[in-house]
Structure formats: C-alpha cells, structure tokens
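A.B. asks: The primary structure of each chain is shown beneath.
2 protein chains.
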Amino acid sequence: QAFQLAAAYVSDAQFARNIPFQTARRCIWYYRLYTRWVTWGPMYVFLALNLALAFLETPAKPQLESPLWVTMLLESLCLVAFSSRLVHLAKFTERSVFWKDPKNICVLVTIILTVIDMVIYVALTHSGYYIVRWSRALRPLFVINFSESRQLRRSFRNIRRTLPEILGVLVLFLFSIAIFSLMAFKLFGKRHLITGEGKPYFQNYFNIFFELYVLVTTSNSPDVMMPAYNSSSWYAIFFIIYIVVNTYLFMSIFLAVVYNNYRKHLKNEVRNSVFSKRRTMAKAFGILRERLGEGWAVSQQSWMQLVGMAVPSMSQAQRLLLWQVSDEEHTGHIGKQAFVRLTDLLNIEVIETRGRQHPLQSCAPRVYSSAASQALRHVVHHRFFRYFFDGVILLNAGFIAGDEASLAIRQAEWLFLGLYVLEILLKLYTYEPQTFFSRSNFWNWFDVMIVISALLATIIVHSIQDARPTTSTQILDFLLILRVLRLLRIVESFERFRVVIHTMINIGPTMVTYAGLIMVFYYTFAILGMELFQGKIRFFPAGSADAQPFCGNPLLNGSKFYNEKYCKNNFNDLSSSFVLLVELTVVNQWHDILPGFVAVTNVGARVYFILFHMIVVILVINIFIAFILEAFILEYTLDKGETESAIEKKIQELGLGIAEEDVAGNGMVLVDNMETQDQEPRDAEASKPADSRIMFKISDRRYRTVDTLLQRMFEEELAPEYEGPYDDHEDIDVRPQQLTLDNLV
Amino acid sequence: QAFQLAAAYVSDAQFARNIPFQTARRCIWYYRLYTRWVTWGPMYVFLALNLALAFLETPAKPQLESPLWVTMLLESLCLVAFSSRLVHLAKFTERSVFWKDPKNICVLVTIILTVIDMVIYVALTHSGYYIVRWSRALRPLFVINFSESRQLRRSFRNIRRTLPEILGVLVLFLFSIAIFSLMAFKLFGKRHLITGEGKPYFQNYFNIFFELYVLVTTSNSPDVMMPAYNSSSWYAIFFIIYIVVNTYLFMSIFLAVVYNNYRKHLKNEVRNSVFSKRRTMAKAFGILRERLGEGWAVSQQSWMQLVGMAVPSMSQAQRLLLWQVSDEEHTGHIGKQAFVRLTDLLNIEVIETRGRQHPLQSCAPRVYSSAASQALRHVVHHRFFRYFFDGVILLNAGFIAGDEASLAIRQAEWLFLGLYVLEILLKLYTYEPQTFFSRSNFWNWFDVMIVISALLATIIVHSIQDARPTTSTQILDFLLILRVLRLLRIVESFERFRVVIHTMINIGPTMVTYAGLIMVFYYTFAILGMELFQGKIRFFPAGSADAQPFCGNPLLNGSKFYNEKYCKNNFNDLSSSFVLLVELTVVNQWHDILPGFVAVTNVGARVYFILFHMIVVILVINIFIAFILEAFILEYTLDKGETESAIEKKIQELGLGIAEEDVAGNGMVLVDNMETQDQEPRDAEASKPADSRIMFKISDRRYRTVDTLLQRMFEEELAPEYEGPYDDHEDIDVRPQQLTLDNLV
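In the order they appear, the protein sequences are chains A and B. In case it helps, the UniProt record's numbering puts the first sequence at residues 1 to 745. In case it helps, the UniProt record's numbering puts the second sequence at residues 1 to 745.
The reader is advised that the hints may include incorrect statements.
Straight-line Cα separation of at most 25 Å, SDA-like style, residue types lysine to any residue; simulated pairs [to be verified]:
1. B:Lys-199 with A:Ser-559
2. B:Lys-190 with A:Phe-478
3. A:Lys-264 with A:Pro-549
Taking CB as the label site, the calculated pair distances span [as the list claims (entries may be wrong)]:
4. B:Lys-100 with A:Leu-395: 37 to 43 Å
5. B:Val-421 with A:Tyr-205: 24 to 30 Å
6. B:Gly-418 with A:Lys-267: 37 to 43 Å
Hints listed in this document are in silico derivations from the structure and should not be mistaken for laboratory results. This one's a predicted model, so the numbers in the text were calculated from it and none came from an experiment. We treat Cβ as the ideally placed atom computed from N, Cα and C, and that holds for glycine.
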C-alpha cells in the first residue's frame, strides 16, 4: 500500500495535479479511480454537452430547436454527472478541506441555482409566462471549476489579479476620452457641421464620447474626422493628438500592463506549482526512503517498482535509463534531491528508437540489398529528391489555380496524386516505417494524412459523382482544401520558416487553453445577447418564400445595418451569436453593427457592446497576445533547460543517443541519421552497452505539457532544492502541507 | 591644454558623444566649437528649414506656393550650411577616419545628388519640360546622418538589423495569405456570389489576395465575409480561421519579433555606448593621472578643475558633493574606476535646494510670522485645501459643458479664473517660490502656465471682441482648450493615476525620437505620394466659387471615395499628405481611400499603399509599441540604479538630503517637506556640516536623457569595470581605440 500511495504522489507530481486526498487505503483507491480517464473522460463529454445545450434550446436554428423536455432531460443528466463527480471527490477528501475549496462550493452553488432556475422555468412556461433562463449564463462556471481544466482556472486567476491595475488605467483612459470629448463638444458643437450622412455632427456630449471611444478602436477612423477636417485643416491636429494619446499610447499601456502582470502572476503560479510538485515528491520520498549512513535514500529496487506503478506505460529500458540519469554516482541509491527531480525527467519525452532494420531487410535481404535497391534508396536520400517534389508542389499550385472544368487539369490532378503516393511509398521503402511515423515527425504525418484523405475523397467523388451531385460538391470542396493544404509542405524546406512554424506547433496546446478562455467569455456574452436581442433582427436567405424586407424589422428601414446586408449578424442562435462576437472581437465596423441593435431596442444596447469590447478585446485578447509574445520571445532566446541537458548528456554518455543537431532538426534529418546508423552498426557496437539495440532520443516537441513550458520559462530563477515557504496561502490550488519530520529532512 | 583635452573627453562621455577628434591644440579648439550649441543650434534650424521647403515647393497650398528661385535659394543655403558643417568636422578629424565614416560619405553623396538634381531641374523647367524633383525624398537623410540626432540613427540601425528576421516572417505571412487566397478563390469563385455593392465576389485571384491582405488590417472585417456568410453559415469558419491565423497570430508574431530584436539590439547598442563612454573616460584619466604608490590616481585638485571645465554650469558645492561621492575613503585621490563613474554621476540630476527662507519672511518677518499669516499657511497646507480646489475643478467641468451663450456661465468663468489665481497666489505665499517652481514640479508649472495663459486670453478676448470677431473666436477656442486642460489636474490627486502619468512624462523625450523616426518615413512617403498623385484628386471647400463635382475628377463619379467625402484626403500638399498618411497608419478604411487613388491612376497605386502598410504599420509602429511596452514594464519593475543609490546614500550621509519617500512623490509633497524643514532648521543644524544651507535632492525626473534610460535598462548586466572588447567593430559609432599603455592600466 505504501507503493500505491507513493505512486499516486508521483503521478500527481508528474501531471501537476493538486487534489488533496486522504491516505487511507480506500481513499487512495477512490483517488486513483478519480484520476483515471474512465472517470474524467465522460466528464468532458458532459461539460461539452452542457454547453452544447444552447444549440438546442430556444432561441436556436429552426432545424435544431428541440422540445423543452429533451433539453431539460439532458441538462438534468449533466447536473447528475457533475454532482456525482463532486460526491466522488468528497469520498476521498477530508471534509474540512473539501468545504474550504472555493471550486467545490462554486460548483455546488451553481448546480443548486441551475436546478432552481429549471424548476421555476418549467413551472412558469407551463402557466404561460415568459421568463429568462438566466442560469444558462452560469454554465461556463462548470468548465472553469472542474479540476481537469487547471490551465483555464489559472488564466482566470491571472485575469482576476490583473484587474485592479488594469482598472486604474481604464479609468484614466475613460477620463482622457471624457476630456477630449468635452473639447470636441465645445470646439465643433457650435459650428453646426454635418456628417457625410447629413446628420448633425458632434452636437451631443454622450454621442461624442461614444464616437471617440469608437475612434480608439479605429473603426470610424477617417469618417469621424472628415466633417471637421473639411471645415478646417487645423482640426486634424485635434484628432491626431487624440489618436496618438488614446489609440496608440493608452492601448500600448493596456498591453504593457497586461503583459507585465501576466508574466508576474504566471511566475508566481508556476513557482507555486513547482513547489507543490516538489512537496508531493518529498512525500513520496518520505514513504519509500531507507536509512543510508547519515541520511535517507531510496534504493534502485523500490525506485523501479515505484516508477513502474506510477507510469505503467514506460518500458523497462527507459526506466533503467531514467535511473541511470538519476543515480549519477552509480551508488544504487538516490537522495532526496535526485528523487524529486524525477518529475522533471518524466515530463521529458524520451523516444525509444530501437536500432531497427527495415522490415524488408529482414523479409527479403537479398532483394533489399541489391544494387538497384541501394541506388533507389540513394536517390530518395538525395536532396534533389526533395527539390523535385517541392517543384511538383509548386507546379500543382498553378494547376489548382487553373480552371477546374478543363479535362487536362482534371487528369493532371490524378497525375499529381499519383506522384505524391509514389513519394510516400518510396520514402517508406527507404526509411524504417516506425521511425518515419514517430510521434515527433509532424510533417510526415501531415503529408501522409493529406495524401490518403485526398486519395479517398477523389475515389469517392468519382464513384458517386453522378448519383448525388450535392454531396459530391461538398467532398470536392473538402478535397480542394486538402490539395491547397498540401502546398504548406513547401514551408518545411526553408530553415527560417521552420522555426516560426515549429513555434506555432509548440504553442498550439497552450493556445487551446486561451481559446477555452475566450470561449467562456463568448458563451456568457452569447447567452446574454440571445436573451437581449433574440428575434429582433432576422435573416432571410436570398429567394426564400417568406422573406421580409429590412431584416424582418421595419425599424431598420434605411439603416446602414440593412443596407450593408448585415442581417445575418444577429443573436438568434448560438452559432450566429458566436460569429457576431468574433466580428465584434475583430472590432472593425462594430459601430455600424451596433446602430442596428440600437434601432431595434434602445440606446442601452451600447452598454452590451462596449462592455464586450472592454472585457474581451482590451483584457482577454491582450492576454492572448501577451502569451504569444512571451512564447515567441522564449522560443527565440531559450536554451534547453538544465534537466533536459542532464538526461541528454547521460544518453550520450551511455552511447545510446542520436547526435544533438539532428534532434533539433526536422524528421527528415532524423530519419537520414537513423539510416546512417543502421548502415554501420558494427563500428559502434563495441562501445555500446549490452542493450545496444535500444536507442533514445529526446523528442523534438520539447514542451509536452503547458506546465512544462511555463516551468521552463522561470525555472532558472528557482533554487533546485527549495520547496517554497510552507505558509504560502496565496494559491488556492496549493494546500499548505503539514510540517512533518519528512519534510524537514 | 591637457585639461582642455580631458574636459573634452569628460563632456563627450557625459553626453555619450563619439566623434573622433585629433588631439592637437587647434583640433581641440575646433572640436569644442563643434560641440557648442552656437554651431549645432543653427544646424537644427537648417535641417528643419530643408524639410520645411516641401511646404513651399510645388505642389503646395496655393497661399504658400513660392516661386522657384525662393525655394532654390533656401535649399542652396541649407546645402552650404551642411557642407560647412562637414568641412568643420573634417578640420579636426583624421582624414582616414573621416572618409571611413559612412555618415560623412552619405551626407556628401546626398549633397552632390541634390545639387545635380537642382541643376537638372532648373535647366529642364526653363526649357519647358516637366521633371520629378526626386532628390527631395533624400532630405531625411540629412536629419538621420547629422551627429546631433544620435538616437534617431540608433533607431535606424535597429530597424536595419531587425529587417532580416522580420522579412522571414513577412514572407511566411504572405505565403499564408496566398494559400488562403487560393482556397477562397476555388471555394467561392465558382459560386458567383455578389457583394453588397452588387459587384462579383472573389472572382479574381489577385483581388482576393488584396482583399484578404486588407482583412489582416481588419479594415474590411465583416463586409468581406458577408456575401459568403449569407450564402452559407459554414463559410464563416474559413474566415474565422483566417483571422485567427493571420490577424492575431501573425500580427502578434511580428510584434514579438520586433520587440525581441528591439531589446536585443538595444542592449548591444547600449553596451557599446557604455563601453565607449568608459574608454573615453579612461583616456581622460590617462591624461590627468598621477603616480600614487603602486597605481595611478587623480588628485582632488585636478578633478575639481576638470569638472569645472567640463561642466561650467555646475556650482562649487555640487562639485564638492560629487567628489565626496567619488572619493568614498576620503583619501584625496580617486582611482580609475571611481573616475570613470563620474559620467554616471553627471547624468544624475542633483538639484541644489538651499534651505531658503520665504522672501516675505526676510522682507517682513513680523507680518509673515503673525498668527493670521500662520493660520493662512496652515489652511493652504491642509489637504482640504486641495480637496476644495479639486471640487472647484469638477464644478468648472460642468460649467464648461454648459451653454456658452448664457450670461451666468460667462460670469462664472470669471469667478473660476479668479479662484485659480487666488489658489496660485496662496501657494506662492505659503511655499518658497524657487522650490515651488523647481524644474521637477511638473504640475505646478502646468498649473501656472494654464492659468496665466487663460487670464491673458480672457483679457485679450474682452478687449478685442467687438473689433475683430474672427480673431476673437480663435482665441476663444484656445481659451477653451486651456480651460479643459485644467481639468487634467484632478488626475494628480490619485496615486494610481500618477504612476501612469509620470511614466508618460518620463518617456516623453524618448517618444520624441520615435516621433522623429516616424516623421522621416512620413516625409519620404509624402514626397513620393505628392509626385505620384498630386492634383489628381482635389478638394473644394463647401460653397467655394470654382467648386467642381467628384473631387475635380470625373473618374471618381459614383465612387465610395467621393460619396464618403474623402476628397480632402489627397497628396496635393505636404500637410494634406501627412494627414492622409496618419489615416493610413491608423489603417481603418484605407481600402476605401485606396480605390479613389486607383480610379484616378491605375491599380499600381496599391503597391504604394501596401508598402506603406508593411513599412510603417508593421515595422515602425511595432517598434514604437515595443518601446512603450519596455518603458512601462521597466517603470513598473525597475528599482533605482546602483549609481543613483550611491549618490543618494552619500547625500543622506552628509545630512544634506531630503527623505527618500518625498523624492518619489510629487512636487506638492516635496514642497510640504521643504516647508517642514524650513520651520525647524535649528534642530537639525547641529548635525549638518558647515555648508548646511545647501541641500540636495535627486530629481524626480530620473531619466534626464534617453541614454540614461536605456543604460539603466541593462546596466545590471554590465560588469562595472569592463570596457568592452577592443576589437569591437560592430557599432559604427564606436571607433576602436588604440591599445596604449593607459588603456591597459
């Protein structure tokens, strides 16, 4: 049971989990069940389902709108799932800890509020009253508060802590607009100018304030200035100063504040997370340690057993490698510090690449080693092989741009597809397939996927073309996108582009967190918008039978909103709302969209739009930009972390490694290198240890988890042994640990 | 003569000048003349005049357009001035060094080219040919290359070095747009949709590319999507992915690249500049040093004489203070390291504040110390005094917003003005005037300036109101702006705002550099634009006699450009061009302005606009934003530099200082504190040295020069003694120094 507990601790530390659990046997069992994907996997399904309900509930697209009992049933199902997850958590957590965690309280309160809202809603709609389903806006709270979405919660904490400082700047910024508005009011108001649309210009203070706020977003940039500028050139100075101060200076200051706070708080969070990991590992160490001379240590045997339990998927050879890295002195025991470092080692993706022969080499050695075969493989290895296919791709681009109807181009498509398939087959013939498809070789995967999908799609199109023309068109569109995407592969050939692309791929997973963050805000604003504006503006597809003019609302007669055909920008269902919110995030023309909503409701609609701009554009998007800035600056400047170097050194020392420069390169180079090593195994064999057929390399995708990325950002500043202050209450995720003898070792 | 040379070196180091001069007596004389403002002051006048010529040359506003001989004469005058400056420089520089400096070559070549262009132009225009005055676009080169504008040159070097990396991303970015355009072309082209204006939608590949490029700038945000989106909701996904990848991801990457390079290169530049300063100081040390035991040192006497010559404006007391800071051990001699540090000490603004009595105290001690007077001063000191005037300002804001025509409000203006004057008089009565008006008290200056200007303007308006109504209106506008600006003072009362405002004021001088940078690009683009588009689009003020429809060009009939009344956005004179370029920098609606220019010329006009966007918006504005980011992040995180602390400590040690916290605060607090110290001089006098009537404080505006700010950014990373590698050729400003015995000490 001690090993069970220790393994639980190690796996907690590895995945940076921080769920306090009791150490009784039954509790550990519950806890391990809780962290297994069979229990948290369905949770994600329910979370997604819960959010997706908004697609089915009124207002929705007519074809999706479902009867009340369906959505109510599904929502109840979700609530039951959430409750049971909470009960499960309570099973292995100490009661006092459970009730102190704001996450749990928040989930519980949200569940109760939702139930109340559902009951009231059902009761009232049955009595014929109309009532707002307000609890729908609370749904993102479930996403935020369930432990699995740790990153998201961290971002939210980050926002919460950045708020005070940003509010200070925001007030100053609004004050600045107010001052400028006052000036504009007095300067231009008395001149009775008219705008391009023939309306009075700058006559009302609050309208001026709004116009100047819009100017900060640059949406009405020259138009708001033109009447004054046409009246006198000097007035341009007023607007130029305004733009410099508010659009450039203040917007940059917002970014600076967000970026600065982002880094500061992130640093804190990561530090706390590292400390918490170390404490967890120290607990595991406390369980397994044995007395050794004056201090404590863990023996190789316990260590191997522990890692085997904590990470069942790891092979014996890899475990041994990690042990050899940890036990630098070959004493058979490791101390606390080396033990604690295990969590970093586990987060480095080590790829085991057995020095494999090509399968054909084993099946038909004669043929595979024949002169013709060797010449063929030589051709594939040659760089002109790559250049040739780069040329083919470029040529293909020209053909894609050409007219599809022409027969020659259609036939050329077959030729190109054939060439690509040939390329992949040749590569598979030359390179060892398992190496070719190793997880880090992004471009190989990309390539094969695209070509196979294209092949399938082309065949399907040809077989059903005559039977069902509409389906065929859709598949053709899909096929077209695949074909164009294939052009992307040309990027791989340029070193300078590869850095940018690789960084993008590296930060991809973290970007998903930020996408989630934005989604949470979008969802709440979408629900809010649907309740406020649903049905007020309607869209009728061209040529539909019941089409009404003016977006179905005579109030929009003559408005810019209707004239620019914005009718589909409405809040009538979730997907339309999302698209509209994206448009509002991009900001441009929002002052043209807004008057439409003002026309069908009242001037208060501005509050919704300005609030959205302040929260999503100024705060959330800036956090997203801050993240990308930081990630790219790190990627451009960061050297490999210390831990990684240690494990690499060890691999090289043991003669199991692959040269450093190839690891940094792309898959192609790696494969080349593997091949070279394959061809001369005899020379190297003498210097290799017994298990010489197993080779390791450190994955190119260095940042496996977001935590690792974040940790690497700041790890240089953390003393390797320090476990952090024990009275640290700041981070609600970190539960202060009791001061036991173990921790003081 | 030795002192002359040493003083020249010290003053070079103080102002981070780096002009190599010969050490002969005559050369030093020429050099000192060269660095004196009587010679470089006029240079700025000629540089400004040279640029301003574009206001007078064709094309220009009709009332400014001057005959050819006037502008030619002025330009010749400027060229003579530039040449003589160059000759002056050659007088004291070694010939080989002079000809190796790209600056000098560049200036010389530009002068020659300009003369050639002028001769050809005059000759050809007299023969009746029309020819482009292309050399006008070269004029900013003078601004860049004259030594006085060091900051500007540094920014340019920065841009040049950032270019390779940004070009890599730019190509990838254009490739990405090309791929998306291809997809859009194939997806939407065959569907024969029409835009809101009834034109065909996405039918031509290059138009699609252009439209999608515009979408990156968000200018045509929902409009470019609407036809596709109205046809099917799914197409929104294409545009959303496009916006995420190109507008958000790539634009952030541009900022990241610029920001990263900005910091990297700036660091290099600053390091080089610091090293060069140290080397210059080491040279000065080499001249003045005397043998002292085993090493070399400079005696107090030589030191005092040197500083007296190098900084004639410095008082004896201040020099003594600096000596005391340098000579920490009181040995009467300082070594090389302490000597080299002098340049940092000189860059810290130390304000000498004699413990002065209020003048009234000396003139009429009885009256000033009377109970009534003391009570009055007590009232002014009280914080309610400030609150009261904050209230008055707020009330005033309400009155400003009110109707000017009403008599009550006009009379209220007099009341408010009286109150403000009273406030200033009371403060002057209470606080010592020289302290009140010390250079660092931004708000006091601001306040007094505004109130006095308002007073004068009001009096002028009243005296001439009936005589000349138009002048009176202009002064009234001016007065109004003054009144509104006064409202800004309310900001001072909030600590949170003060930090932001103070940072803005601090980075003001450096922002001027970036304004200069942008101006250089604007000027070149404006000249280019005027040559390309002059007279093609004309603006006729409302009601002018010779007004023509369609901006004077029938080609604009029915265009959006004309309908939105953009006629004044033209390139017909320098100021109009500048305003238009500002609009293009803000980016919004540039795709509506551009078709106007395409209509009157041809589709090639797009090149000019896209080039402007790439260079100014993507590169230069991002550098500006990078600077503001860095400045604010530094301001939020930076502690005081080491040198500053040393001098502060010394000041405190010597009992001459003012408590630290007051220095950080605003002028008001400082004045309060001064007052307190004034009231109890007897208690402290015992502990003060002989010259106790002189007090020092370190200026609040810590960053006197841009160099100091930049140096502080990175100074922590520089070893205090290291003078840099001597084979450092990277920075063209740094001339490798000869390896003499002095430098090796």
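A.B. asks: Give a verdict on every hint.
C.D. replies: To see whether the hints hold, each was checked on the structure:
1. B:Lys-199 with A:Ser-559: 21 Å, holds
2. B:Lys-190 with A:Phe-478: Cα-Cα ~15 Å, so holds.
3. A:Lys-264 with A:Pro-549: Since the Cα atoms of Lys-264 of chain A and Pro-549 of chain A sit roughly 54 Å apart, the hinted pair is violated (cutoff 25 Å).
4. B:Lys-100 with A:Leu-395: 37 to 43 Å: 50 Å, violated
5. B:Val-421 with A:Tyr-205: 24 to 30 Å: About 28 Å separates the Cβ atoms of Val-421 of chain B and Tyr-205 of chain A, which means 24 to 30 Å holds.
6. B:Gly-418 with A:Lys-267: 37 to 43 Å: 54 Å, violated
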